[in-house]
Each structure stands twice: as structure tokens, then as C-alpha cells.
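Q: Chain A is already provided as a structure; the job is to place chain B on it using the hints.
The listed protein sequences correspond, in order, to chains A and B. With the working numbering, letter number 38 in the first sequence gets 38, and the count goes up by one each step, no holes. For the working numbering, count along the second sequence from 1 and bump the result up by 200.
Because the hints were derived from the structure by calculation, they are not lab data. Check the hints yourself; a few may be wrong.
Partial list, computed: chain A residues near chain B (C-beta under 7 Å) [said to hold, decoys possible]: (1) G176; (2) G180; (3) V183.
A few chain B residues that don't get close to chain A, going by computed Cβ distances all over 10 Å [to be verified]: (4) F212; (5) A214; (6) N233; (7) A255.
Please read these numbers as outputs of a predicted model, since none were measured by experiment. Ideal Cβ positions, reconstructed from N, Cα and C, are used throughout, including at glycine.
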Amino acid sequence: MAADRHPLLADTSALIAVANTELWELLCETLAVTTTNVCVAECKRHANTDYPAAGSRAAYLKQGSQRVLTQLQDDDTSWSVVTVVPRPHGPDAGEQSLRQEAAAHPDAYSVVSLLDGEGRRSIRRQLAGCDIDVVGPPYLLYLLFATDHISKAEFCRATVELIRTEGWTGYEAVKGAWAGIPVDCADLLGDEYDDALPPH
Amino acid sequence: MSDTGYDTTIQFRAGAEKAAAELLDDIHLGGVNVSELARVGLVEMLRESLDDDDAIAVYERYSDGEIDAEVARVLLGDKLDRIEEEQAAVESATERDPETFLAE
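So that you can see chain A by itself, here it is in the shape it has in the complex (with noise of 0.2 Å):
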């Protein structure tokens, strides 16, 4: 696995988000990401998690932390796994390693992917002045379209599924999602789908 630190830089639940769409292993093959130790840990912790109920949210962090640390696992990778010092412990040390990490290097990253709306908002404060753009995981699946790596329909579902399985509810939270995004999916996705599609 490779040290570098490449411009895109994701937490642990921004990777498990992705992980458990339809394009996770493209995605894998496609783009350059970087992570830190901390998140590692805690997809570990997840990983471990002994028999977790079929549909539950534990199987579902099981699930995407195993494809994740079998990524970053695997010996051909690109993807990149940096060490952050001192090493943040508590609930919130994923995203607090991103935070020490991007501020300590803001240079190498242009882009800074994480799940938590509250996160987010919290690191674009500490981030201010720095050229980084702070995001949720959706990004991650636009890139893949933004280089002709999948269509628009594909982008626009596995959108969708992203924001159904991480049960993004209300009109915030799918707004947010959305919010930026310059792929108009309404034309392309029926009614069965209005509930994760910005309203119009």
C-alpha cells in the first residue's frame, strides 16, 4: 500500500458509505484515496462486530468496513493509508484524524469527504483559508461520472441508493445531498424514487 497522500481524503463512514453501493469496486480501481490509521481502526472495530443481525445498521457498517480494509489490504492498491499524531481517541476520532491530518498538510488535499453533515460544517470552520473543499460522500460517486467512468442513470442510482441505505430522511438531509451537483437525475428516475430526489 502506498504512503502518498493524494487530494482526495475520506473518513470512515464516507468510505463505508460508498463501499456498500453497486460501484464501490469501480470506484476502487478508478480513484486515488487517502485515509488515516484512526479510520482504519474503526473500520476494524466494525469489521468485528460478531454476528450482527441481518439489515441492521451494524451489518451494514460490517459490510462496508470489510470491503474497505479489503481495499486498502490489497497490494496493488493506490488508495493510501496516513498515519495521524497525536492519535484523537472518543466517538468522533475518525473525523477528528481527518481534521489534524488536513490541517497539518493543506497542501496535499483539494478535497476532504465526510458523512456528517455536523462534521463537515465543523471542519470547513477549522479549514477556512485553506483551498479544500469540504463534502459529503456523494462526491465521491460524481467523480466516477465526471470522468466518464459510469452514466448518468448509474451515477443517479447509486446516488439514490446511497442516500436510502444511509437513511437520509427529510428534506435536509436529501438536499444536502444533492445540493451542488450539477446531474439533474429527476428526468432520469420515476416516482418510486421521489422520497431520495431533491424536491422540484
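A: Frame of chain A, contents of chain B only:
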């Protein structure tokens, strides 16, 4: 566009509520600003009355330029800032060359 100036008034019928406001203004040290209390209280209750569908309708009208940001902000509060902040971040990220994020 709506008139968002503070020279317009809201009137409503009040009995004991008005007497209570006058009483508090009288006995509270330095008095109370009933207009300010009413404004703050109204905003609080309007937001509390706003359900998810209402929020969608308000934001969409604001996006379409039908209502002022100031009016949208009264109803949506921080939600408006959060959505706009997300939008600005993703727009900025999508302006970057996507090829720079690809594995070599």
C-alpha cells in the same frame, strides 16, 4: 417580492395577554420590549409550525426568486445556511479537474 421592512405591523386581538405584557413591562427592572419579544416569539412559533413539506415549499420559492432571503431565513433559520454552505462546497469541488482524483 415581500416587504421586509420593519415599518409594517402585525395586529392581533389580545386581552389578558396584552395586560400581562403591560404588567411585566411595569414590574420588570428596566421594563420589557414587547415588540422585540413578539418578534422573537413569532419567529420561534412560525418555525415550530413549519413541517418538512412547508420547508420544501419555502426553499423552492426562495430558490426561484419568489421570496427574499430575509423571509426565507425567518422560516428556515440555520437550515438555509447549511444548505447553501453544502451547495457552495460541492459546487467548488465540482469545478476542480476530476482527473486529478484518479488512480494512476
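Q: Just double-check F212(B) for me: nearest Cβ-Cβ distance to chain A has to come out over 10 Å.
A: holds, 29 Å
Q: Is the shortest C-beta separation between G180(A) and chain B less than 7 Å?
A: Since chain B brings a Cβ to about 3 Å from G180(A), closer than 7 Å, the hint holds.
Q: Classify the hint on G176(A) as holds or violated, based on whether any CB of chain B lies nearer than 7 Å to its CB.
A: holds, 5 Å
Q: Is the nearest Cβ of chain A still more than 10 Å from the Cβ of N233(B)?
A: Fine: 32 Å to the nearest Cβ keeps N233(B) off the interface.
Q: Just checking, A214(B) versus chain A, shortest CB gap more than 10 Å?
A: Its Cβ never comes within 10 Å of chain A, the nearest being 34 Å, so this holds.
Q: Just double-check A255(B) for me: nearest Cβ-Cβ distance to chain A has to come out over 10 Å.
A: Nearest chain A Cβ is 5 Å from A255(B), so the label is violated.
Q: Quick one, is the V183(A) hint okay against chain B at 7 Å, beta carbons?
A: violated, 9 Å
Taken one by one, the earlier hints fail for this structure at numbers 3, 7, listed in ascending order.
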